[in-house]
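Student: Place chains B, C and D on chain A using the hints.
Residue numbers (the working numbering), protein chains in the order written: chain A, 11 to 383; chain B, 11 to 383; chain C, 11 to 383; chain D, 11 to 383.
To be clear, the hints were calculated from the coordinates, so they are not data collected in a lab. Note that the coordinates shown come from a computational prediction; the quantities given were computed from them, not determined experimentally. It cannot be assumed that every hint is accurate.
No farther apart than 25 Å at their CA atoms in a straight line, the calculated lysine-lysine pairs in the BS3-like style are these [said to hold, decoys possible]: (1) D:K112 / D:K134; (2) A:K134 / A:K175; (3) C:K175 / A:K224; (4) D:K224 / B:K224; (5) A:K224 / A:K112; (6) B:K134 / B:K175.
Read off the chains here:
4 protein chains.
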Amino acid sequence: MSETATQYLCERLSGKEADMIRAAVVGAAGYAGIELVRTLLNHPAVELVQATSDADAGRLLCDVYPALTGATELTFTPHDIASIVQTCDVAFLAVPHTAALKSAPELLASGVSVFDLSADYRLKDPLVYESWYAVPHTSPALLADAVYGQPELNHVALEALAVRKAAGESVLVGCAGCYPTATILATMPAFLAGMVSGDTIIVNALSGISGAGKGLRSSTHFCMADESVGAYSAASHRHTPEIEQALSQVAGHAVQAVFTPHLVPMKRGLLSTVTLPLMPDVTLDSVIEAYTQAYAHSPFVNVLGQTMPQTAQVIGTNNAQIGLACDSRTHTLIVSCAIDNLDKGAATQAVQCANIVWGLDESAGLAAVGPIV
Amino acid sequence: MSETATQYLCERLSGKEADMIRAAVVGAAGYAGIELVRTLLNHPAVELVQATSDADAGRLLCDVYPALTGATELTFTPHDIASIVQTCDVAFLAVPHTAALKSAPELLASGVSVFDLSADYRLKDPLVYESWYAVPHTSPALLADAVYGQPELNHVALEALAVRKAAGESVLVGCAGCYPTATILATMPAFLAGMVSGDTIIVNALSGISGAGKGLRSSTHFCMADESVGAYSAASHRHTPEIEQALSQVAGHAVQAVFTPHLVPMKRGLLSTVTLPLMPDVTLDSVIEAYTQAYAHSPFVNVLGQTMPQTAQVIGTNNAQIGLACDSRTHTLIVSCAIDNLDKGAATQAVQCANIVWGLDESAGLAAVGPIV
Amino acid sequence: MSETATQYLCERLSGKEADMIRAAVVGAAGYAGIELVRTLLNHPAVELVQATSDADAGRLLCDVYPALTGATELTFTPHDIASIVQTCDVAFLAVPHTAALKSAPELLASGVSVFDLSADYRLKDPLVYESWYAVPHTSPALLADAVYGQPELNHVALEALAVRKAAGESVLVGCAGCYPTATILATMPAFLAGMVSGDTIIVNALSGISGAGKGLRSSTHFCMADESVGAYSAASHRHTPEIEQALSQVAGHAVQAVFTPHLVPMKRGLLSTVTLPLMPDVTLDSVIEAYTQAYAHSPFVNVLGQTMPQTAQVIGTNNAQIGLACDSRTHTLIVSCAIDNLDKGAATQAVQCANIVWGLDESAGLAAVGPIV
Amino acid sequence: MSETATQYLCERLSGKEADMIRAAVVGAAGYAGIELVRTLLNHPAVELVQATSDADAGRLLCDVYPALTGATELTFTPHDIASIVQTCDVAFLAVPHTAALKSAPELLASGVSVFDLSADYRLKDPLVYESWYAVPHTSPALLADAVYGQPELNHVALEALAVRKAAGESVLVGCAGCYPTATILATMPAFLAGMVSGDTIIVNALSGISGAGKGLRSSTHFCMADESVGAYSAASHRHTPEIEQALSQVAGHAVQAVFTPHLVPMKRGLLSTVTLPLMPDVTLDSVIEAYTQAYAHSPFVNVLGQTMPQTAQVIGTNNAQIGLACDSRTHTLIVSCAIDNLDKGAATQAVQCANIVWGLDESAGLAAVGPIV
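Next up, chain A with everything else stripped away, as it sits in the complex:
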């Protein structure tokens, strides 16, 4: 652990909490939001000051989520930017797209840094945003400034924000989506190493039902979702341009993804299995070596070699696990990356970004292991 982080911890434990980072979670009653709440409650350097939910305003968090009984006495507050500005240094936005467009500019202007978990500040080109989300982007100027919050891809840019933050600026991070996170981690080293032939990859991904959100729909009723799998939004899922933007940046040329997500009957967990045509002469051994090197300094990414990961192995953590295989007949690479969609795919990855921006140890407040069984 870094010296700064240790100091924070010891000061906090000793009751000298003057310098705690004061945080708000906006949209705290959703699944990503409440996982942010849980994560921040455990964070040694953060004081969770506000958890907002218009629908649940006035109710105790532990009344809505009884798992929190005894852990916090916070009450959901209505979504009120003025109040956040007054009481917080940072806001995590766990809101639907377009909602962040409305809040982020004012928060930033008032000196509150923003970690946006929605899609509003991920895509650099406002036209791409508008074509996939069917709404105009109302703060394109901020896009140029926002950093895409996928730390293994964008560590340097996040560190640069840390400098600006330290200098007193408010900063904006557009945190990566769940499918893009797993898919970027699954493919980035191959693109970086120039091992991929052509510009099209096939992405098949599986997500637990929490990825569909907390809203009540027939498709997420237990009796419809249990004991069943199916694809959805094939070739039309909004995470597609986000995957393509990141991989194009890495590859140095336009990359296209044929993306088919599926829902599978489990609460949490996400697996992205990607097939990539390999350049001639690239061997599986050299691929595994490239992946191992690429993530040698990433505390959260484990390359398992030829062992394929199970999502249960990363649940409740910020970890990603990657397995690799090669179809030698077609000279095609198959990569599978497992994450927890609510953690590495949402809440804990946002906190990882924040840790970097705050100059803390990247792992501060993040569990190394989740439930094993």
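Tutor: Below, chains B, C and D alone, put in the same frame as chain A:
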């Protein structure tokens, strides 16, 4: 229902059962085997005479599977070919590969027709068999004679067997595997219509845990399998050559499949999602039209158009449901086909084959609808 | 199978369907309703003429429930009594309580027999109904006439209805609830045999989530229901008086039930575990003997002796399985009864009642075995 | 957090780890064992020195449980008492019964304190042990000395051990079983307050499949356990005398439990629902008040009043949640207590006991909240 089938039914219901087909299920205590038992017990033209299991010989079926209490008083018998020959017209082999190599020749020579659910008589080229299964094929002469038991692909060949069967011959059907069945159904019309560009397809498939069989392994312990997904046997699964053989036959040229199966936490159900590059000018509408036409006379295959199927919708039946999408940017077809791995992927498809060979209605004894909720 | 049933079947198979029983399912889009649809579609003596759903009127059944694709071309109709009277001989009401109060009188007056799956015609005493359901009973006169539809308990009364039905009367059956069915089956033989000491029994029951119905609620969202169990409506569940009415009738004196239902993470299945203080000198052997005798002629009830039943063993069927144990230290009997809440607890039990009333074989159209794995 | 714990933490974070408690987990590859490993790895005052498993000796923990990848580089060691004595201050025994009988005496004699999670040191009367476990108790002298490790029941006795421990003695704690923990918590306040009439309680409990252990059995195969519930060991489960011993101690007279456990399809979680006849004039309000008072100082027990707990709300934590209802007609109390069987029912409760014995804050190293969704 055909007149013959009606006659069978009425005779059976009236107690005139003289002409019932006497069947054995070999390997009846496994998951596919016991599903065959269940199916044959419900079949109006079949009398289930023997259910063999060396491990459970002497035990009542309903003691091993209490769901059968009250439904049958059969006892598992040891696997004894002489006894089958003496009492049965037909044997369904639900055994591991190589076991059928040992039984089928003798059964056939003794006049007992064989529907083999193992891999032993699926691959036409014994060298391909040997390279994927790492054992020599000991009855290659029978391979030429065996018909690959995927009825939507091979209806005519199965009907030809019916003629031979009616003439008193014993016949051999090498029933299709679960992943190949779903993948063939997902792609056959596109290949038939010449809509596929190139010769490589990407197959990602999801299977319920029963696909891993009844054997006790750490990976199928509830606490390891539940709430988790993962790929396995990527680029090395033994169903690969079976998929390729069938699609090459349809396409008229060699087709290769990059195949990645996954296990998902449900008991039954299998989904194969395939991506195929489309020929120029092929539209999604024309693809849907081709699929609808191709299966117009298949009572068990439903083309849902652009709606993606859920596996729960076909559980407990011989049905397959297919959904289609097109990634217009890359001009790639995405097809998803849902089946019940133990039924259309094993037991009921074998009975469908048998119905055709027996000259019965293809649907005889097969439920039209399974549990809806 | 009875001669009548055989004749029905043969006529149906031969296309002579003139004498089919024409049925409506009212409230067909709910979970019990759609299971009735599935059951009646498979019934050899029934033509399903109408499936009503105000919410889904005008939609194909197979659009709402794609599992029905290829199995029926019926369209949901609005709930219109006049139309049912015109086209049907019988109506199955799978509606919320009070809705049957509105429909049943008119249907009966118009000559349509009614099998009501709601609670409206189960409780003989309208005051008991009113105290538990908090609404007045608007057709108390019909209550005296209605027969409680739990066939193992009330076979004779249902047979008496068959006589009246044959004489041209319309008849009313108030089909038993799911928890009462399992609890009555679990305890009736002990009460019949005078083996129970005292008048209070403790009932703990577990139901799959389909028991909570199709409505969208937070508690049935997959992410809330999965991997969790909890009690609900302890000491206040509306099935309590129904259990007590039936067992008091059997015991010949007032019986009280302390009833605690729980929801468990599975789609279907219901287990009722009951503890009853035994009279002195009653042995477990004599209890097992009494149960075995009591159900000797019930095709759907299996007494497993000291083996405790698993709900999976009865799913998709009208079967009940019962296991027994004795705590010799406290001389207490523990009985566990497993049923499928949507079948023996709702749809197929209603059809079993109807079969008796129609003079058919009790088992007509009911599967002997469901999915085994 | 206590001052001592804070000091430990700060020293640890600063690298001054000289005073860490050195711990071994014996039987670390089982489900309770590996949860102990996870818990101790997160404990600020503990250094996990050994994790033993004869079957997995020599393998990295993270090879057997890939969820531990990156979290520990420990290797399973064989079960060798001499080695533990040499390197550890304390041993947690997560072994089958009789195994602790063999290890504990030698460990204690060598100065190593023992927290035994098996049944070997829970029952005070060796004859009771022998009658339920069918083996002789080989170290009855230690029984008198052992403290029953259910901290809410036995806090004072555990604190007394702390004094002995501080004086240099090795101490022995026989940690409570999973069903007894939930059942004691559910009923202790009622007995303490003299609210229970009579001496017999009815206990129905539901456990997730991990309660059946890691061993491979047909009953824990995913395809057998999923989508099914059933009772087992009715009236004969070995946790019965443990429940009775604890409640008899609390009540001041012999209490008997009619105990029926059930397995339910979830990985973790345990619910004990108990019915107790109430003394006249006891109201539900007074019961809730008594429970609230009884647990006012227990950081891990939450009384939810009339809200019934869901097991998902306590998973991954040492928490217990309790809900209460009264059947006023029979004047019977219904209490439901939810815990995580592997945590409060095993691993974290053992650590809670150890924290008390070590003079640390009771909560040291224990998560306040687990995954919420």
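Student: Against each hint, give a clear statement of whether it holds in the structure.
Tutor: Going through the hints against the structure:
no.	hint	in the structure
1	D:K112 / D:K134	holds, 18 Å
2	A:K134 / A:K175	holds, 21 Å
3	C:K175 / A:K224	violated, 50 Å
4	D:K224 / B:K224	holds, 17 Å
5	A:K224 / A:K112	holds, 22 Å
6	B:K134 / B:K175	holds, 21 Å
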